[in-house]
Amino acid sequence: MARAGRTHHAGPVTYAVLVLAALASLFPLYWTLVAASTDAHRVVSSPPPLVPGANLFKNLSYVWHHAGGRGMGPALLNSTLVASSVTLGTVVFSVLAGFAFAKLRFAGRGVLMGLVVATLAVPAQLSVVPLFILMRQLGWGNHLQALIMPTLVTAFGVFFMRQYLVQALPTELLEAARTDGANSLRVVWHVVLPIARPAMAVLGMLTFVQSWNDFLWPIIAMNGATNPTVQVALAGLGTGWSTDWSVIMAGALIGTLPLLLVFVLFGRQIVGGITQGAVKG
Amino acid sequence: MTRALPTPPTPERRQLWRSRLYRWDSKGTPYAFVAPFFVVFAAFGLFPLLYTGWLSLHQVSLYHVNQARWVGLGNYRDLFTGAPSRFFWNALRNTVTLGALSTVPQLAMAIGLAHLLNYRLRARGFLRTALLAPYATSVAAATLAFALIFSPEGGMANWFIHLFGFGRVDWEAGRWSSQFAIATIVTWRWTGYNALIYLAAMQAVPGELYEAAAIDGASRLRQFWHVTVPALRPTILFTVVISTIGATQLFGEPFLFGGQSGHQGGADNQYETLGVLMYDQGFHNSMLGRASAVAWTMFALLLLLGLVNALIARRLRRSQ
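Chain order of the listed sequences is A and B.
Be aware that the first sequence starts at 158, since it is given in our numbering, and climbs by one per residue.
Be aware that the second sequence starts at 13, since it is given in our numbering, and climbs by one per residue.
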């Protein structure tokens with residue numbers, strides 16, 4: 158079938174606008190690299206530098222050792238630990254709950270699913286004050302579990318998986334496995350997981366990006382921590398007394414690179430995931 | 013129940029045991045599968061939500077969280093009419109103007125870009141990925157990069173507008189200039205994301221509709237307005253809701269844009285949003301009760317927005 162608009166070839170104006178938009182999207186990232194490779198004086202000179210300078214490694218090495226108390230290395234490790242745990246938890250729990258909501262019959266299913274959807278609308282901002290108190294009383298202040306535990310599941314993940322499995326998982330296949338005497342865990346392992354794998358990959362990447370970039374809760378939970386995550390370390394650079402922008406931008410570069418790397422490797426799937434989630438959402 | 017199995021199981025007994033296990037499995041499993049979500053949500057979502065409400069009726073210091081003093085609606089009264097009301101109404105106004113400045117251009121550009129991406133294109137994959145790259149950038153990294161671009165001393169923005177004969181703008185100090193700069197960050201991060209959402213919806217529009225319109229002699233622009241936009245209405249509504257919710261909670265961009273004065277939204281609170289106000293009251297001024305009142309006010313605002321949105325959605329459905 159001819160898809161909407163696709164029958165028309167793009168003209169030069171279309172290309173011009175799209176290339177301009179792509180440049181506008183990429184320029185701040187390039188600018189981060191350029192600024193990170195200059196020095197405190199050159200970075201704010203006029204006209205501004207447009208090609209990388211010679212100080213990239215000097216600046217990177219400085220923030221690597223000095224940013225956020227113990228430097229960017231531990232911060233990167235912390236962010237990786239947090240984002241990975243959150244991603245693992247979200248994907249596993251979302252598959253299980255999504256499968257139950259999509260294919261299993263149980264009393265209260267409709268009401269519970271309604272609750273999941275309703276919680277989509279509860280903003281994170283609303284819970285940071287009591288979470289702060291709670292974490293302090295649990296003795297988790299400034300610990301990574303304070304960042305991991307509250308986001309270990311997301312309503313979006315459950316919803317996303319349910320939508321996917323309703324269509325992708327044939328009910329006959331489940332019944333066949335049941336008839337063969339497989340218990341629920343075997344069904345999940347041998348039937349649900351293989352089919353859910355593409356959706357798990359997409360949800361995993363979206364969750365990782367979101368968790369890595371989360372800002373509000375980490376800045377509250379880890380404020381003043383000697384061992385922060387990347388975002389908190391960056392915030393420390395930005396709100397500190399230092400005004401050496403080339404060093405600050407070197408920090409921003411380190412904080413952005415891992416995720417951009419993930420993005421370059423899996424960009425296609427992320428693009429697919431966003432469009433998929435959107436059509437169904 | 014199934015505890016008593018002292019004798020070696022006979023075939024019948026084993027059968028019985030298995031069917032019992034099966035029944036238990038099929039009855040209990042669904043609840044076991046959905047339980048993690050509800051347990052975590054109850055502990056870290058619902059409980060804090062209610063606790064915030066309770067805290068908003070107390071005076072609580074950041075340093076003595078166990079010594080909450082009941083003040084009833086005092087925090088709300090302070091916020092709306094008392095000494096801090098100046099900050100509250102200012103933050104509410106900034107949240108609205110900043111939200112409009114970032115949401116409207118963002119969605120308008122996104123729908124235009126999606127329309128262009130929907131043509132037969134070379135390098136489509138690259139263009140889509142490039143447009144989405146800002147989504148993979150964190151608030152912190154992006155805001156720092158833009159803070160430098162908009163820096164009043166030697167920033168690139170001033171150099172650029174100077175090329176066109178405009179004078180120097182103090183992007184951080186002015187109410188509108190600073191809000192414009194912050195809105196630029198938000199728009200930069202989310203335009204591509206929304207464009208992809210629109211693109212997906214556009215690809216679901218049946219091609220026959222366009223063919224019919226073309227036969228009727230509709231130009232491409234008319235086709236866009238009379239076929240694409242109406243077909244996209246539910247998606248547009250969806251993105252408006254999501255962006256509005258995001259705008260209501262705007263925090264990272266204004267917080268980091270201001271550097272030293274970021275926690276109060278600029279030296280004159282010129283871009284202090286409700287999100288920043290909550291942080292400032294709670295974690296800078298150590299008044300957790302008042303911060304909770306700000307949070308619940310935001311919640312009420314979001315519920316109100318949800319209600320308005322539901323009414324609009326219903327009207328749209330009726331008019332179709």
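Since the hints were derived computationally from the structure, they do not count as laboratory data.
There's no promise every hint is true.
[Unchecked claim] Result set (SDA-like, lysine to any residue): computed pairs, CA atoms no more than 20 Å apart in a straight line:
1. A:260 to A:348
2. A:215 to A:188
3. A:260 to B:326
4. A:260 to B:34
5. A:260 to B:61
6. A:260 to A:337
7. A:260 to B:96
8. A:260 to B:40
9. B:39 to A:264
10. B:39 to A:342
11. B:39 to A:262
12. A:260 to A:351
13. A:260 to A:322
14. A:215 to A:414
15. B:39 to A:334
16. B:39 to A:351
17. B:39 to A:269
18. B:39 to A:345
19. A:215 to A:198
20. A:260 to B:323
21. A:260 to A:198
22. B:39 to A:346
23. B:39 to A:328
24. A:215 to A:196
25. B:39 to A:270
26. A:260 to A:343
27. A:260 to B:35
28. A:260 to B:36
29. B:39 to A:265
30. B:39 to A:188
31. B:39 to A:339
32. B:39 to A:198
33. B:39 to A:338
34. A:260 to A:242
35. A:260 to B:223
36. A:260 to A:313
37. B:39 to A:263
38. A:260 to B:50
39. B:39 to A:313
Consistency of the hints with the structure:
A C-alpha spacing of about 12 Å is found between residue 260 of chain A and residue 348 of chain A, which places the hinted pair at or below 20 Å, so the restraint holds. Note on residue 215 of chain A and residue 188 of chain A: the hinted pairing holds, with a Cα-Cα distance of about 17 Å set against a maximum of 20 Å. With a C-alpha separation of about 30 Å, the suggested pairing of residue 260 of chain A with residue 326 of chain B is violated against the 20 Å cut-off. Under the criterion of a C-alpha separation no larger than 20 Å, the hint pairing residue 260 of chain A with residue 34 of chain B is consistent with the structure, at around 17 Å.
For the proposed pair residue 260 of chain A and residue 61 of chain B, the alpha carbon gap of about 31 Å is over 20 Å, so the pair is violated. With a C-alpha separation of about 18 Å, the suggested pair residue 260 of chain A and residue 337 of chain A falls inside the 20 Å cut-off, and the hint holds. Between residue 260 of chain A and residue 96 of chain B the alpha-carbon distance is near 52 Å, which puts this suggested pair outside the 20 Å criterion. Restraint check for residue 260 of chain A and residue 40 of chain B: satisfied, since their Cα atoms lie roughly 14 Å apart, inside the 20 Å limit.
About 9 Å separates the Cα atoms of residue 39 of chain B and residue 264 of chain A, which keeps this hinted pair within 20 Å; it holds. At roughly 13 Å between alpha-carbon atoms, residue 39 of chain B and residue 342 of chain A fall within 20 Å of each other, so this suggested pair holds. Under the criterion of a C-alpha separation no larger than 20 Å, the hint pairing residue 39 of chain B with residue 262 of chain A is consistent with the structure, at around 9 Å. For a cut-off of 20 Å, the pair hint linking residue 260 of chain A to residue 351 of chain A stands: about 16 Å separates their Cα positions.
For the hint linking residue 260 of chain A to residue 322 of chain A, the alpha-carbon distance of about 8 Å falls within 20 Å, and the restraint holds. For the proposed pair residue 215 of chain A and residue 414 of chain A, the alpha carbon gap of about 17 Å is at most 20 Å, so the pair holds. For the hint linking residue 39 of chain B to residue 334 of chain A, the alpha-carbon distance of about 17 Å falls within 20 Å, and the restraint holds. Distance restraint check for residue 39 of chain B and residue 351 of chain A: the Cα-Cα separation of roughly 24 Å exceeds the 20 Å cut-off, and the hinted pair is therefore not satisfied.
At roughly 16 Å between alpha-carbon atoms, residue 39 of chain B and residue 269 of chain A fall within 20 Å of each other, so this suggested pair holds. Distance hint between residue 39 of chain B and residue 345 of chain A is fulfilled; the C-alpha atoms sit about 15 Å from each other, no more than 20 Å. Among the hinted pairs, residue 215 of chain A with residue 198 of chain A is consistent with the structure: their alpha-carbon atoms are about 15 Å apart, no more than 20 Å. A distance of roughly 32 Å separates the Cα atoms of residue 260 of chain A and residue 323 of chain B; the hinted pair therefore is violated under the 20 Å criterion.
Under the criterion of a C-alpha separation no larger than 20 Å, the hint pairing residue 260 of chain A with residue 198 of chain A is inconsistent with the structure, at around 62 Å. Between residue 39 of chain B and residue 346 of chain A, the direct Cα distance comes to roughly 19 Å. Compliance with the 20 Å bound is thereby established for this hinted pair. Only pairs whose Cα atoms come within 20 Å are accepted, and residue 39 of chain B paired with residue 328 of chain A is accepted, the gap being roughly 18 Å. Straight-line distance between C-alpha atoms of residue 215 of chain A and residue 196 of chain A comes to about 10 Å, which keeps the hinted pair within the 20 Å bound.
Between the alpha carbons of residue 39 of chain B and residue 270 of chain A the distance comes to roughly 17 Å, so the proposed pair stays at or under 20 Å and holds. Distance hint between residue 260 of chain A and residue 343 of chain A is fulfilled; the C-alpha atoms sit about 15 Å from each other, no more than 20 Å. For the given pair, residue 260 of chain A sits about 17 Å from residue 35 of chain B by alpha-carbon distance, which is consistent with the 20 Å threshold. Between residue 260 of chain A and residue 36 of chain B the alpha-carbon distance is near 17 Å, which keeps this suggested pair within the 20 Å criterion.
For the proposed pair residue 39 of chain B and residue 265 of chain A, the alpha carbon gap of about 12 Å is at most 20 Å, so the pair holds. For the given pair, residue 39 of chain B sits about 58 Å from residue 188 of chain A by alpha-carbon distance, which is inconsistent with the 20 Å threshold. Annotation: proposed proximity of residue 39 of chain B to residue 339 of chain A holds, straight-line Cα distance about 15 Å (limit 20 Å). Simply put, residue 39 of chain B and residue 198 of chain A have alpha-carbon atoms about 69 Å apart, too far for the 20 Å limit, and the pair is violated.
The suggested pairing of residue 39 of chain B with residue 338 of chain A holds, with an alpha-carbon distance near 15 Å, which does not exceed 20 Å. Proximity of residue 260 of chain A to residue 242 of chain A is assessed by CA-CA distance (about 27 Å); at most 20 Å being required, the pair is judged violated. Using a Cα cut-off of 20 Å, the hinted pair residue 260 of chain A and residue 223 of chain B is violated, with the two alpha carbons roughly 40 Å apart. The straight-line distance between the Cα atoms of residue 260 of chain A and residue 313 of chain A is roughly 18 Å, inside the 20 Å bound, and the hint therefore holds.
For the proposed pair residue 39 of chain B and residue 263 of chain A, the alpha carbon gap of about 7 Å is at most 20 Å, so the pair holds. With a CA separation close to 18 Å, the supplied pair residue 260 of chain A and residue 50 of chain B stays within the 20 Å bound. About 25 Å separates the Cα atoms of residue 39 of chain B and residue 313 of chain A, which puts this hinted pair outside 20 Å; it is violated.
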